[in-house]
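K.L.:
Required output: the full structure, derived from the provided sequences and hints.
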Amino acid sequence: MKIGQLLLMPFSLIYKQATDFRNHLFNIGSKRSLKFEPFIINVGNLSVGGTGKSPMVEYLIRMLSEKYVAATLSRGYGRMTRGFRIASLDDSAQTLGDEPFQFFRKYGEDVLVTVGEERARAIPEILMAHEETNLILLDDAYQHRYVQPDVNILLTEYSKPFFNDYVLPAGRLRESRKGADRADIIIVTKCPELIENKEEYITRIRKYNENANIFFSKIKYGSPKPFQEGNTLSENVFIFTGIAKPEPFHGHIDSFLNVKGKKAFKDHHNYTEADISDLKKIVDEHENLSLITTEKDYVKFLSKELAECSKSLPLFYIPIEAELNDAVGFEKVINDKIENYFNRS
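First residue of the sequence shown: 1, per this note's numbering; consecutive thereafter.
Simulated from the structure, these hints should not be mistaken for laboratory data.
Among the hints, erroneous ones may be present.
[Unchecked claim] Each computed BS3-like pair below joins lysine-lysine, with the alpha-carbon atoms no more than 30 Å apart:
| no. | residue 1 | residue 2 |
| --- | --- | --- |
| 1 | 67 | 220 |
| 2 | 263 | 220 |
| 3 | 106 | 266 |
| 4 | 207 | 225 |
| 5 | 266 | 304 |
| 6 | 337 | 207 |
| 7 | 218 | 304 |
P.N.:
Set out below in structure tokens:
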């Protein structure tokens with residue numbers, strides 16, 4: 001542990017005690033977790049940001065939306081609206097948040113995409129508007145215990161697993177490591193191609209959860225796609241991102257393109273016309289340069305204002321998907337739990 005972390009440990013202890021007490025109140029029933037009729041799958045984490053929740057939610061959408069009448073429910077972090085909202089063609093990343101808008105852009109014909117800060121109030125709103133909904137995917141609600149999920153999926157990043165981390169502010173955990181015991185499924189995300197210490201990870205996880213199904217996943221990067229049809233990607237690129245942990249993305253781009261520079265904005269950054277002007281200057285300073293970013297950042301440029309002022313730029317994005325080491329086993333666990341639930345109903 002670094003000296004800075006040691007100095008912050010007293011504050012982490014206070015934070016840990018507060019979150020432990022809150023969890024205890026839910027565990028003994030003093031605070032109520034509400035059960036709803038649709039089958040609810042929660043995808044979340046113990047840490048702040050960057051564990052790959054969005055690719056996992058998208059994986060579940062592709063897996064389940066043909067068989068069930070599904071909805072996604074996100075908080076809508078970073079949006080300029082408040083309260084419950086059902087995504088429509090009038091929406092943007094600014095009105096929904098970047099991840100929910102990405103869900104809507106890609107899967108809006110397959111699932112109902114919604115946002116709402118208070119999940120326990122949002123779910124009845126979903127059912128009032130679309131009573132046929134029988135499956136809900138909760139995005140980043142592991143600590144939102146007012147809703148009782150039927151399956152709790154906990155994600156933890158390979159390079160920073162929860163069992164090596166500490167509670168805020170000394171570390172990045174939103175609650176103590178023992179919170180992992182609420183998970184039904186634990187997925188170690190963003191793994192390298194070859195995982196040499198898989199058994200060590202499983203052993204360490206088992207200290208905090210003896211029964212959860214454990215899987216490993218990696219990020220599968222797609223080919224670069226142009227913002228504007230007809231643009232051709234050059235070998236020289238400038239990377240800009242507004243995500244929590246851009247280093248793996250940077251590393252992937254470095255592996256096949258000539259990177260001339262990088263700019264990392266904060267997570268959920270709302271791009272402005274000033275940002276576009278800065279990117280234009282970078283392009284003007286180089287010969288034959290393309291700009292490349294993430295899919296999560298790309299959707300923000302679909303707003304009318306940004307689309308108009310950026311249309312002349314050579315912009316590209318990289319789509320990503322989650323790829324599980326045992327997709328058949330994972331899907332069997334999920335499908336069995338859903339089928340057992342509806343057979344009991």
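K.L.:
Now, for every hint given, state plainly whether the structure supports it.
P.N.:
Results of checking the hints against the structure:
A threshold of 30 Å between alpha carbons decides the hint, and for residue 67 with residue 220 the separation of about 25 Å falls inside it, so the pair holds. A C-alpha spacing of about 23 Å is found between residue 263 and residue 220, which places the hinted pair at or below 30 Å, so the restraint holds. As the CA atoms of residue 106 and residue 266 are separated by approximately 24 Å, the hinted pair is consistent with the 30 Å bound. Distance hint between residue 207 and residue 225 is unfulfilled; the C-alpha atoms sit about 43 Å from each other, more than 30 Å.
About 22 Å separates the Cα atoms of residue 266 and residue 304, which keeps this hinted pair within 30 Å; it holds. Restraint check for residue 337 and residue 207: satisfied, since their Cα atoms lie roughly 24 Å apart, inside the 30 Å limit. With a C-alpha separation of about 34 Å, the suggested pair residue 218 and residue 304 falls outside the 30 Å cut-off, and the hint is violated.
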